[in-house]
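One-letter residues, chain by chain:
Protein chains: 4
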Amino acid sequence: MRGDNEVKKFSVVALGRACIDLNAVEINQPMEETATFKKYVGGSPANIAIGLAKLGQPVGFIGKISDDQHGYFIKNFMSKAGVDSSQLIFDQDGHKTGLAFTEIKSPSECSILMYRQEVADLFLTPDEVSEEYIMTSEMLLISGTALARTPSREATLLAVEYAHKHDVKVIFELDYRPYTWTSTVETAVYYNLLAQKSHIVIGTREEFDILENVSEGNNQETVKKLFQHTPELILIKHGVDGSFAYEKNGVCTRGYAYKADVLKTFGAGDSYAAAFLFALLQGKTLENALQYASAASALVVSRHSSSEAMPSVAEIETVIAKQTWGDKIHV
Amino acid sequence: MRGDNEVKKFSVVALGRACIDLNAVEINQPMEETATFKKYVGGSPANIAIGLAKLGQPVGFIGKISDDQHGYFIKNFMSKAGVDSSQLIFDQDGHKTGLAFTEIKSPSECSILMYRQEVADLFLTPDEVSEEYIMTSEMLLISGTALARTPSREATLLAVEYAHKHDVKVIFELDYRPYTWTSTVETAVYYNLLAQKSHIVIGTREEFDILENVSEGNNQETVKKLFQHTPELILIKHGVDGSFAYEKNGVCTRGYAYKADVLKTFGAGDSYAAAFLFALLQGKTLENALQYASAASALVVSRHSSSEAMPSVAEIETVIAKQTWGDKIHV
Amino acid sequence: MRGDNEVKKFSVVALGRACIDLNAVEINQPMEETATFKKYVGGSPANIAIGLAKLGQPVGFIGKISDDQHGYFIKNFMSKAGVDSSQLIFDQDGHKTGLAFTEIKSPSECSILMYRQEVADLFLTPDEVSEEYIMTSEMLLISGTALARTPSREATLLAVEYAHKHDVKVIFELDYRPYTWTSTVETAVYYNLLAQKSHIVIGTREEFDILENVSEGNNQETVKKLFQHTPELILIKHGVDGSFAYEKNGVCTRGYAYKADVLKTFGAGDSYAAAFLFALLQGKTLENALQYASAASALVVSRHSSSEAMPSVAEIETVIAKQTWGDKIHV
Amino acid sequence: MRGDNEVKKFSVVALGRACIDLNAVEINQPMEETATFKKYVGGSPANIAIGLAKLGQPVGFIGKISDDQHGYFIKNFMSKAGVDSSQLIFDQDGHKTGLAFTEIKSPSECSILMYRQEVADLFLTPDEVSEEYIMTSEMLLISGTALARTPSREATLLAVEYAHKHDVKVIFELDYRPYTWTSTVETAVYYNLLAQKSHIVIGTREEFDILENVSEGNNQETVKKLFQHTPELILIKHGVDGSFAYEKNGVCTRGYAYKADVLKTFGAGDSYAAAFLFALLQGKTLENALQYASAASALVVSRHSSSEAMPSVAEIETVIAKQTWGDKIHV
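Residue numbers (the working numbering), protein chains in the order written: chain D, 22 to 352; chain G, 22 to 352; chain F, 22 to 352; chain Y, 22 to 352.
Worth double-checking, as some hints may not be accurate.
Note: identical chains are not told apart, hence a pair may lie in one copy or across any two.
[What the hints assert, rightly or not] Okay, derived cross-link-like pairs now, PhoX-like style, lysine-lysine, Cα gap no bigger than 25 angstroms in a straight line:
1. Lys245 <-> Lys269
2. Lys269 <-> Lys59
3. Lys30 <-> Lys218
4. Lys126 <-> Lys280
5. Lys186 <-> Lys305
6. Lys246 <-> Lys96
7. Lys126 <-> Lys59
8. Lys246 <-> Lys218
9. Lys186 <-> Lys218
10. Lys96 <-> Lys126
11. Lys59 <-> Lys96
12. Lys29 <-> Lys343
Hints are computed from structural coordinates only; laboratory data are not their basis.
The shape of chain D in the complex, shown without the other chains (with noise of 0.2 angstroms):
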């Protein structure tokens, strides 16, 4: 995927939200009895960022945060995990950054309290989109929630306008969080046309269900009528059964999930999606992407966090030597 004669400055640039997650120090209890809470960075694609520097790729990150605290915390700990953060843009306007208070009654049950009212990370406008940041990267990774509200929304669209005029890939990560958006139909609309402008769209079923403003929809049909514009591959998780890459030639290559020790289920889905692309970027197999992604979301359900939990490329490949692939799924 890498072009022949031209070393581009990032493997990745992603965007979307960065913002703050609280964890319940005190787990296995309702959240309203724990007195503790533990910051981190949290946020879809700043997960991603951070777990692909972890796994040793130049990426950057283009994003809007809040003037404060909170704000300086996330850049700070950003730069340190090795992402770009020069275009990680702080609101002038006094919107904050958006807040997750993770609840872990037990591994099966964990909830999420949000403060999402009028986040940074819904602020950023094209004019603050730089096409120039753009052009160096390979890849181009969007958040669907960035999607949610203008005028994030066409900074958004206009990002992708970019990557295209510069034939850097668009990832689409669906990242459907419900509470962000007014209505599932205005949601729909804006997932396929940014899922038709995309190379590679990466979600759960129910993700592409809400894409297609479906219910139980189809694999097949789903893939066949994104093949018609630009994607070239499809990855559709179906949890305990696995993951299917679909490629526009009709190979389908099946993914199986990897034996955990559970503690939460957050961060899975970002360290799986920074793992998979971390593997396509270095060259392997579809197959191979898919265990280390895999591996990946194993190790970050066993830790307290989903940004700073995100495993070295030694921690990925010792579960991959370890455990059996495919013989059966692991809950």
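Given chain D, put chains G, F and Y in place with the hints provided.
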């Protein structure tokens, strides 16, 4: 352009605003001195639909109007003019029909005082757009103003998806009205997005500049970029310098203006579009279509309204027969 | 009511909305069949100010209008009518002047189609209210609609503080318009608050019910509660049953209706208030003031507009001289 | 202040916000370097109610909280602290509880990062205020922040009407928070309106400047204007210069500060108000009440929270017994 063995119910279905024009009865004076106003149906796509109906075409309309006396007037008028108004929906949330008070100080000094706060036409929702209705038409005409606000914006984008699904040609009349938009960069994002999905794009040079977010753009570059996508025909109007119809195959046909006894400038573009599409639907040549367009335009600018003033085929053909085409441009 | 040795510049300064009425020229039919509308200045406090000016009183006006042809028309008309318009401010944020399209199906079936979304009059700010202007008047007339929204609400409350500080009598015309308010309980809170700070309160029995947040309230209880505060005189109108003027000292004077050749019902209350205040300022008895009010009202309902129609002293006194007072109620 | 032969259920009912404080666990450093936060109930009127309950008073609370884990925590905590929480309503429209992240860089450098966008407490509606509840209390304590937005503003104004109707004393704690208000002139309008209707007004000199819309106002003028209306007692705090309690009869009593081992400055005013009201309710002299207030304040600033930190009567009386009063001011 008509399918071989399929007969469509409508030639054109127009989508967008249907409003009220309140034209000064006492003209050639400032509006603040005007005491009496005459009421007409207005709004670019409504005028085009009425114009096409007057030319004998089967036409439908998708839009939203107020559930009050102004809305009833519009629905009655359009039905009587021969436009199918079954998809002209009454707003149930108290939104008003837009108003345009027109001031005619002199033929060259016309201005409009708009009432467009929270107008019903911009509250058309995706759920209210019927796929069945659109598929029964040969063409779907979109007015650019319908893209200005959520939810009409999403309703419009969805209508275009339906059109593509059913091989309905999409006509995009740019119809740029600055007061409906929050920023030109936002306009550019959506205009560009929709133009890429349209078969025919019609606008003034200034409107194409808005679409491209440039100043003093160049026709050659404009059409080169758009012909990479869906467009087959692009019509760029240069005022008194005439208009240029660009085809994907590289041919450009020039149109000229006919002489007119100008009363006011309103409505010229709408009659132009109506007569142009009529001629195309009749299988006329592009040059002939440009003659119909210019003749219709010359007739409407000499009359008091934009909707009631729409000419008949005979009136248009009389202008074409009487005047010389192309030797010079008339102001 | 005039101070002994102090001469005030104005008898009355009115605060609130000045709008446009668009009255159907063709009457006795539904508005959707009406093609022509005649433009007048409208809005309750504007009408009262114009009415007082026509009766020879020095009158000022505090309000906000659109910076467009409709605003210019209002300012010109009020100035020519003799109202000081130095405090009639042009809105610099694009807010429009309110519109009222009137439908006169029959003398008893009149309705109004309002355009009041984000209207300029409700954007008057506290900073724009001049203490110096208010202190030069004997009376400050407040229209209830000015309380409907922030910032006009706070501008009004501040104006009343200025009036108290400088011993200017506060007249509260309830002027309840449901479409400007979000809830009746909110209306009740502000109506009650302002009534407690007013010297004279004028309204219909239905409007006092809104003030008290009750249904079918009782005049005795209404005045008992309000007389615990600032009010000295309370005027409650009961339609065809006449009106009742309650004084703090316990005296109640009844008013009756004069016979009228009714064209429409709009404007009756405004002419009533104007003539009543005029008579009080002239030192007439309360009974005589009620006669002036009823006579003015009878004259306006027989004419096409509410503002231009305001009668002269001679016209009012002719009605009083010609008709019998009090033996029966005329419809 | 207690009625002779009537026993009220509550000494004080407080109305306003109940929120979440998230206090940095690691103190004396910038917040962006803080990883852990401890959760407490916060918000001025909630703190005062909790403080009064800790001093053994029967206390009620009227407010609105989020229907989520943060809301449940508040309701549980206040109930356990002894505050009647029957009128603490869960918001059914998705509004969140306000958050205050506190940064303690040093005892004198404390700042707060607020999350107050569309917070539940400002969505208390007039319909949700119970006249029956208010009438069962001796005092109604209003926090100024409750006036910042509609509908909480109207709910507050209505609560005060109920208090007057049933001879419940109104206590107004100015509690000015600039970030909740759109303009200082708007704040002045409502602060002045409510102060005129309150029996006791408590605030800092700076807060009274806001009320009067002046800079560097003068206590004598402040109390002269307010004593023309309802107020009987006005308490103006001058930081290290102590505080002044003005009575309508002209007497002024001065309060002094006690020495404290300051950890942070938050919560000082709330403990001050709680202990002052407690002493008044106990029939103590004004000077003694000022001692209780200062002692409580000295205790809270030496502790980590504002709510849990509220002192007992014994703790307060120990401070009063141990320290000298009035010979000098302690910082």
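Checklist entry - Among the hints numbered above, which are violated by the structure, and what are their numbers in rising order? => result 2, 5, 6, 12
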